[in-house]
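Enquirer: Below, each chain spelled out in residue letters.
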Amino acid sequence: MGQTMIEKIIGAHTSESVHPGKTVWMEIDVRSARDFGGANVVKNFQTHYPGEIVDDVKKTFFTFDCVVPANTIPYASNQQTCRDFAKDQGIKLYDVDAGIGSHVDIEEGLALPGGVIVGTDSHLNIMGAVGAFGQGMGDQDIAFAFKAGKTWFEVPPTMKVTIKGDLPENCTAKDLTLEVVRVLGSKGALGRAVEFYGDAIDKLSLPGRITLASMATEMGAITGLLPPNQEVIDYCTQRADGRSVRPYYADEDANYVKELTIDISELTPRIASPPKPDNVSPVSDLANQTIDGVFIGSCTNGSYKDISEVAKFVKGKKVFPGVMAKVVPATREIYGKLLGEGHIQTLYDSGFIVSNPGCGGCASGQIGMTGKGEVQVSTSNRNFTGKQGAGDTYLASPMTAAASAILGRIGTASEVV
Amino acid sequence: MPSTKFKGRAWVILDEQGEIIDDIDTDMIFHNSYLAITEIEKMGQYTFDNLEGYKDFAQKAKPGDLVFVGANFGSGSSRQQAVGCFRSLGVSCIVANSYGAIYKRNAINSGFPILTIKDINFTDPNEPGMIKSGDELEIDLEKATIHRDGLQVGTLEPFSKVQKDIYMAGDIFEYAKEL
Ligand code: SF4
Chain A
1 MGQTMIEKII GAHTSESVHP GKTVWMEIDV RSARDFGGAN VVKNFQTHYP GEIVDDVKKT
61 FFTFDCVVPA NTIPYASNQQ TCRDFAKDQG IKLYDVDAGI GSHVDIEEGL ALPGGVIVGT
121 DSHLNIMGAV GAFGQGMGDQ DIAFAFKAGK TWFEVPPTMK VTIKGDLPEN CTAKDLTLEV
181 VRVLGSKGAL GRAVEFYGDA IDKLSLPGRI TLASMATEMG AITGLLPPNQ EVIDYCTQRA
241 DGRSVRPYYA DEDANYVKEL TIDISELTPR IASPPKPDNV SPVSDLANQT IDGVFIGSCT
301 NGSYKDISEV AKFVKGKKVF PGVMAKVVPA TREIYGKLLG EGHIQTLYDS GFIVSNPGCG
361 GCASGQIGMT GKGEVQVSTS NRNFTGKQGA GDTYLASPMT AAASAILGRI GTASEVV
Chain B
1 MPSTKFKGRA WVILDEQGEI IDDIDTDMIF HNSYLAITEI EKMGQYTFDN LEGYKDFAQK
61 AKPGDLVFVG ANFGSGSSRQ QAVGCFRSLG VSCIVANSYG AIYKRNAINS GFPILTIKDI
121 NFTDPNEPGM IKSGDELEID LEKATIHRDG LQVGTLEPFS KVQKDIYMAG DIFEYAKEL
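In the order they appear, the protein sequences are chains A and B.
As numbered in our numbering, residues 1 to 417 make up the first sequence, in order.
As numbered in our numbering, residues 1 to 179 make up the second sequence, in order.
No more than 27 angstroms apart at the CA atoms, straight line, and that leaves these computed lysine-lysine pairs for DSS-like:
(1) K87(A) <-> K147(A)
(2) K5(B) <-> K62(B)
(3) K160(A) <-> K187(A)
(4) K132(B) <-> K187(A)
(5) K258(A) <-> K164(A)
(6) K187(A) <-> K161(B)
(7) K55(B) <-> K276(A)
(8) K118(B) <-> K22(A)
(9) K337(A) <-> K92(A)
(10) K147(A) <-> K104(B)
(11) K161(B) <-> K104(B)
(12) K177(B) <-> K58(A)
(13) K55(B) <-> K104(B)
(14) K104(B) <-> K258(A)
(15) K92(A) <-> K59(A)
(16) K150(A) <-> K164(B)
(17) K132(B) <-> K62(B)
(18) K177(B) <-> K43(A)
(19) K147(A) <-> K177(B)
(20) K276(A) <-> K104(B)
Okay, the calculated beta carbon distance ranges per label pair:
(21) G336(A) <-> E16(B): 48 to 54 angstroms
(22) M130(B) <-> K22(A): 33 to 39 angstroms
(23) K164(B) <-> T268(A): 46 to 52 angstroms
(24) K164(B) <-> P20(A): 16 to 22 angstroms
(25) Q80(A) <-> Q45(B): 26 to 32 angstroms
(26) S3(B) <-> D285(A): 51 to 57 angstroms
(27) E136(B) <-> S205(A): 55 to 61 angstroms
(28) D88(A) <-> K164(B): 34 to 40 angstroms
(29) E16(B) <-> V183(A): 25 to 31 angstroms
Treat the hints as calculated values from the structure; they're not laboratory data.
Here the structure is a predicted model, which is why all the values come from computation and not from measurement.
We put the CB at the ideal spot given by N, CA and C, even for glycine.
Chain A on its own, in the form it takes in the complex (with noise of 0.2 angstroms):
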């Protein structure tokens, strides 16, 4: 019998044989924590393996970037609970400036089509957008995971996503995510894997595949996994460091639990209106709501793609009085790109605020929160109450948040002239 994506990813990582619904231990690639759980971490460590050291510094990391830097005293100190650790022990630490973690990861090659990352961020799931196994745990497990370099898994049963048709020229990686989850809803994926197939998947780039990998966490799913094109091979060749790439797909006659077909060529910008990501509406539906704020960044979009293509968008146009238009690059290479391209001075002269690299508007980060009543468009990933402030969060993507903010209303960026 075949086998999905997952179940050989699982399988080039355990000695048991591999099957959905059974328990395997798993050796880990990449173990991490982030500046918050990473605290928690660390006092799990101390007080389980006091003295000891980790099983492979070499394959163990912090990456700051809830809220970089840290703007209250706890997180501060939580920040340096890990510095002090992460010096101790010898472990490699992604400091203040670096940028998100999931990102630093692919960047760093650290992330590798093929490998198992785990760490204290619910959306490191994003890894399967190089076809490799990422999953968020809790601060017990990751302490864990520290010490043994290996975990229990359960493996999870496949389900198959085929996006037919081409996504039209108006729609971008994240309208098609948006529509993905709105079909499949918030339990659509519930404790499953989700491979996704079509041509449109094909030839997403790797930024695309990005932005539809960190959503499958708002289908309730396990992760969801795109089968590498080559673009994604060779970007993650050439940042390896000359370590071997090996992406594995899956069997012709792999066994999927379920399997579902959704036509994209029609598509239109989407939007989904608090407080739940699976509440996915055309844009043109809230065209009359006017908006206090916009946030372009987060995982799901910060990437240098996004970012550049909003700022070749918004050139030589005003953002909204009294609106507060936020850029956060997820990545300090995505910023240093900006500047050298000289996107940011682009965004700047339209009225954009730039902030340096981290979640941003995503966690109470660096850029801040809405208060209660404002209503903001967010390139995010989740629009639930109290996660990105008080007010009201509408998901879109970079081009509909920016034109948002040019309106100074919700709007798709064919209204903007």
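Assemble the complex: chain A is given as a structure, and chain B with the ligand must be docked to it using the hints.
Expert: Just chain B with the ligand now, kept in the frame of chain A:
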């Protein structure tokens, strides 16, 4: 040796329409404004304080209580406090239709018994075996059953091997010592 039998008072977490609540996320269980708390003793008081209708749960819960919830319980973030808060109150176990993936791992790894049940009657008083808040129930982990007054009112999914091994050892750290 951890107990495999629980006797206690049921909490059935229903909405205003009297339906069991699905998708209770980690922010409803333990809101992110309390995330700086790391001592288990301090967690209990905030349990469900962001869940409509149950904001006073922490004051009313008693050690030994059994909590029944719907599908996808504990979806959302990876915070361990969303498990710790129930331990802190002395709740014996949680019974749900299903769990968010990270929540499930966090509970299993910390040796907190979470149980899964497919068919259970919370809403139809005309059918036998309806479970309601306040019922005194007995749960047997080995037999995977729920009883009330000696009568079986529910069948649980048995623990997986890993879950059982970790539970019997205490938590993942204790269990790992035996590996
Ligand atoms: S950007 Fe938001 S969702 Fe992504 S890792 Fe950061 S806090 Fe989590």
